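I would like the entire structure built from these sequences, with the hints used as guidance.
Chains as they are written, first to last, in this note's numbering: chain A, 1 to 87; chain B, 1 to 307.
By construction, these hints were calculated from the structure, which means they are not laboratory data. Be aware that a few hints might be false.
[To be verified] Quick look at which bits of chain B chain A covers, simulated, 3 or more residues with Cβ under 8 Å:
| no. | segment |
| --- | --- |
| 1 | 40-49 |
| 2 | 96-104 |
| 3 | 146-154 |
| 4 | 217-229 |
[What the hints assert, rightly or not] Below, in silico cross-link-like pairs of lysine to aspartate or glutamate (DMTMM-like), each with a Cα-Cα straight-line distance of 20 Å or less:
| no. | chain 1 | residue 1 | chain 2 | residue 2 |
| --- | --- | --- | --- | --- |
| 5 | B | K69 | B | D54 |
| 6 | B | K269 | B | E202 |
| 7 | B | K69 | A | E60 |
| 8 | B | K69 | B | E107 |
| 9 | B | K69 | B | D32 |
| 10 | B | K69 | A | D28 |
Predicted model, so just to flag it, every value in this text is computed and none were measured. A virtual CB, placed ideally from N, CA and C, is assigned to each residue, including glycine.
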Amino acid sequence: MNTPDTACHIADTADALAPRAAIAIQLDGQPRFVPDGCTLADLVAALGHAPQAVSTAVNEQFVPRGGRARALAAGDSVMLFQPIVGG
Amino acid sequence: MNSAETSPPSAAAEPAGWVTAQRGADHWQVGDVTLTSRFLLGTAGYPSPKVLGDAIAASGSQVVTVGLKRQLSAAGDNGFVDIIRAALAGQGARLLPNTAGCRTAREAVQLAHMARELYDTAWLKLEVVGDEYTLQPDPYELVVAAQELVREGFTVFPYCTDDLVTCQRLLDVGCPLLMPWGAPIGSGQGLVNPFALRTLRERLPDTVLIIDAGIGAPSHAAQAMELGFDAVLLNSAVSQASEPVRMAGAFRQAVEAGRDAWLAGVMAKQDYAVASTPVTGNPFLLNPAASAGGLVLPGAGSAGGTR
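Next up, the structure:
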């Protein structure tokens with residue numbers, strides 16, 4: 001029996017995610033596709049970040065760490081921010 | 001060489017540790033946090049993480065600024081932030097995240113929330129730039145953002161201009177202190193408008209005022225402190241020095257010297273000379289000829305001397 005693939009993969013095309021249904025999002029301003037049902041937390045993990053290593057915003061609104069369980073919607077614009085030096 | 005030869009003449013007059021004790025008592029407050037260092041340091045532009053860590057240590061700073069970067073790639077920060085955290089832990093210092101790059105209040109508020117989550121602090125250096133050429137703060141957006149962030153529990157350190165009325169508005173909405181610029185960010189010009197800064201100090205005598213931006217040399221920092229400002233914040237002057245660690249130490253000394261000068265009371269300027277030697281009458285015996293042409297030296301045949 002095959003286990004359903006529930007992981008969030010990030011692809012440049014919808015076809016690359018077939019046969020799973022895909023949605024189009026913007027990731028840091030770049031067009032990307034993720035499986036339908038992918039959450040923000042899934043996306044952060046798929047990018048290889050520990051949850052506390054980045055802050056997130058969807059559609060220019062801050063999404064706190066505790067709010068990342070929601071599924072992304074088609075057309076969402078996701079931005080991630082990391083610590084950096086500054087003056 | 002014995003100790004008497006190496007000690008300044010006044011050292012014996014004061015108990016050992018007197019200067020240290022005096023400086024230790026000279027603290028300042030941000031809310032319920034007590035700080036003794038008056039030198040806030042930025043962390044950008046250092047040649048390596050190690051140099052940054054050593055510069056933080058040499059500065060003695062208890063507040064260092066950091067930023068947030070939009071994650072356009074998976075690349076990390078080369079370990080800078082870990083170095084900063086380690087350096088701060090060593091000297092009990094705090095992080096002050098900024099909202100650099102924001103152009104609107106809305107942007108700044110969103111970034112502030114991200115900073116609070118990432119760095120686990122409610123302290124925030126609020127930057128909202130209104131002009132791309134000078135990077136001058138936008139006073140209108142700044143006040144709007146500050147008002148909202150204070151309402152949401154942030155301790156807002158607003159980077160602002162030296163405009164008195166804008167500063168008053170920022171205080172009105174709940175900023176606990178102000179950070180007026182000395183000159184445009186990274187310009188190294190020093191205090192370009194001392195009149196405005198003196199006015200701020202005089203009109204807001206009980207407000208913590210920190211000169212932020214434009215300081216290029218330790219003498220600029222000393223000048224700010226001599227004017228009565230409570231602290232200085234700078235970055236490029238240290239990070240861009242040939243020897244950043246040495247420069248951090250130089251600024252530390254300049255800030256301390258300027259603060260001590262302010263506490264000691266800098267003398268008032270005079271338009272004309274005021275004799276410093278307390279003479280009474282004439283210090284020299286003058287030949288009557290002196291009044292006609294000058295001092296007559298013993299043995300000289302005339303006022304012109306001999307060849």
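Going down the list of hints, with the structure as the test:
1. Given a C-beta distance limit of less than 8 Å, the hint that chain A covers the segment 40-49 of chain B holds, as 5 residues qualify and 3 suffice.
2. Taking a C-beta to C-beta cut-off of 8 Å, the segment 96-104 of chain B contributes 3 residues in contact with chain A, enough for the three needed, and the coverage statement holds.
3. Counting residues of the segment 146-154 of chain B whose CB falls under 8 Å from any CB of chain A gives 0; the rule of at least 3 is not met.
4. Chain A is given as covering the segment 217-229 of chain B, and this is violated because 0 residues of the stretch bring a CB closer than 8 Å to a CB of that chain, at least three being needed.
5. For the proposed pair K69(B) and D54(B), the alpha carbon gap of about 24 Å is over 20 Å, so the pair is violated.
6. Distance check on the hinted pair: K269(B) and E202(B) sit about 17 Å apart at the alpha-carbon level, within 20 Å; holds.
7. In summary, the hint linking K69(B) to E60(A) is supported, as the alpha carbons are separated by about 15 Å, within the 20 Å threshold.
8. For a cut-off of 20 Å, the pair hint linking K69(B) to E107(B) stands: about 13 Å separates their Cα positions.
9. For the suggested pair K69(B) and D32(B), the alpha carbons sit about 30 Å apart, so the restraint of at most 20 Å is broken.
10. The straight-line distance between the Cα atoms of K69(B) and D28(A) is roughly 11 Å, inside the 20 Å bound, and the hint therefore holds.
Hint violations for this structure: numbers 3, 4, 5, 9, all remaining hints satisfied.
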